[in-house]
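Peer 1: Residue numbers (the numbering used here), protein chains in the order written: chain A, 1 to 207; chain B, 1 to 207.
Incorrect hints may appear among the rest.
Unchecked claim - In silico SDA-like cross-links for lysine to any residue, where the CA-CA straight-line distance does not exceed 25 angstroms:
1. A:Lys47 to B:Phe161
2. B:Lys47 to A:Glu137
3. A:Lys138 to B:Phe161
What the hints assert, rightly or not - Covered stretches of chain A (in silico footprint by chain B; criterion: 3 or more residues with CB under 8 angstroms from a CB of chain B, positions within the stretch not fixed):
4. 96 to 102
5. 121 to 130
Everything labelled a hint here was simulated from the structure, so no lab data went into it.
The structure presented is a predicted model; accordingly, all values stated were derived computationally and were not measured.
Just so you know, even glycine gets a beta-carbon here, dropped at the ideal spot from N, CA and C.
Number of protein chains: 2
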Amino acid sequence: MKLYVSSHAPNPRRVTMFIAEKGITGIENVTIDILAGEQHSESFVAKNPLARVPALELDDGRVLCETRAICSYLEGLYPEPNLMGEGFEERAFIEMADRRAELHLFAQIANSARHTHPALAALEKPQFPDFGASQGEKVREGARWLDGALANHPYVAGHRFTIADITAFCALEFARGLLKFKPGAEGFNNLQEWRDRIAARPSVGRP
Amino acid sequence: MKLYVSSHAPNPRRVTMFIAEKGITGIENVTIDILAGEQHSESFVAKNPLARVPALELDDGRVLCETRAICSYLEGLYPEPNLMGEGFEERAFIEMADRRAELHLFAQIANSARHTHPALAALEKPQFPDFGASQGEKVREGARWLDGALANHPYVAGHRFTIADITAFCALEFARGLLKFKPGAEGFNNLQEWRDRIAARPSVGRP
Chain A
1 MKLYVSSHAP
11 NPRRVTMFIA
21 EKGITGIENV
31 TIDILAGEQH
41 SESFVAKNPL
51 ARVPALELDD
61 GRVLCETRAI
71 CSYLEGLYPE
81 PNLMGEGFEE
91 RAFIEMADRR
101 AELHLFAQIA
111 NSARHTHPAL
121 AALEKPQFPD
131 FGASQGEKVR
141 EGARWLDGAL
151 ANHPYVAGHR
161 FTIADITAFC
171 ALEFARGLLK
181 FKPGAEGFNN
191 LQEWRDRIAA
201 RPSVGRP
Chain B
1 MKLYVSSHAP
11 NPRRVTMFIA
21 EKGITGIENV
31 TIDILAGEQH
41 SESFVAKNPL
51 ARVPALELDD
61 GRVLCETRAI
71 CSYLEGLYPE
81 PNLMGEGFEE
91 RAFIEMADRR
101 AELHLFAQIA
111 NSARHTHPAL
121 AALEKPQFPD
131 FGASQGEKVR
141 EGARWLDGAL
151 ANHPYVAGHR
161 FTIADITAFC
171 ALEFARGLLK
181 FKPGAEGFNN
191 LQEWRDRIAA
201 RPSVGRP
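This is chain A alone, in the form it adopts within the complex:
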């Protein structure tokens, strides 16, 4: 299998961190330079008509796209350690936590960065800086929710590490790099403690 990724982009990082947590080896990483527009090349669009990374090319030539769908596939192929739930009930509750991290934290961070950061002007045309700036408050709203949740349990979805931790961690790493957002500096101390705990995992790799 080949995994199409991009340096510094948060969604490919979710998949590579998921792979590292599973200890999966043998998937070849192919880097697409999205700031240079390589995702719009004829050869890549033939793999993903929506011109986005990550994308997983299977050995039979089919291409599976969308971050969480790729993780679902890999979870099926490599069930251990379980990161997405055992049985449908736990799977549903972990999916809830993962979607909350994605829709109420990751999306706002991405909107904020894409509409305000000069380095992302090539990806978001046109940028709407006022809209982007307004997302800063929404990032804090999402962080406030997660900070409160982490007062009750040590991981995003509950008592153990799951895909929801990967989603929230990669979102915060993106916010740290582009928005200079640090949970502790905003008073979100549970979130900062959790972030530092996740950052120490071997799957995180180099910063």
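Got chain A; can you put chain B on it based on the hints?
Peer 2: This is chain B only, laid out in the frame that chain A set:
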């Protein structure tokens, strides 16, 4: 079980259509008036701290939120007819199609409506009309992708009706109501034919 919904909102509709396709009976619907702000009431926030519908209250008192997570749970409880895939490989490919419908069509429609429609000013504070207007082209981009995909197979995820059809249909219904968006009028004839075919399903109920 109790399902918290809201009239006219597209996400609760995804769940009620999913339930209708399954033929599940016995779930009590409780309407939350989101334009009047009922989702921010103390009693509802105790159920969902993120103050959003849909939310599914289980008989043991736990509350499962997030549209697709609720569907995953119901798919596990009521496996037939299968709407989310048999086995991990089909599940992953249907999840890909569902996420594409959500992230590349539904989200743009929601952004466009929330930032431009006077009726939604209570939900989106502040609105950014220029940003909202720019999402119109992104809606067309998503529609163009789906129109092309439907040239190759009769349903969003492939050869059979799945949750991805529900997501895309509820997105287009929202766009029809608030943005007056009609695929056929934009030249997306495959999408219009598919939309009309889905609209004839009994699960759609009254318009």
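Peer 1: Hint by hint, say whether it matches the structure.
Peer 2: Outcome of the hint check:
Restraint check for Lys47 of chain A and Phe161 of chain B: the C-alpha separation of about 24 angstroms stays at or below 25 angstroms, so the hint holds. For the proposed pair Lys47 of chain B and Glu137 of chain A, the alpha carbon gap of about 23 angstroms is at most 25 angstroms, so the pair holds. For the hint linking Lys138 of chain A to Phe161 of chain B, the alpha-carbon distance of about 35 angstroms lies beyond 25 angstroms, and the restraint is violated. Chain B is given as covering the region 96 to 102 of chain A, and this holds because 3 residues of the stretch bring a CB closer than 8 angstroms to a CB of that chain, at least three being needed.
Residue count for the region 121 to 130 of chain A with a Cβ under 8 angstroms from a Cβ of chain B: 3. That meets the three needed, and the coverage hint holds.
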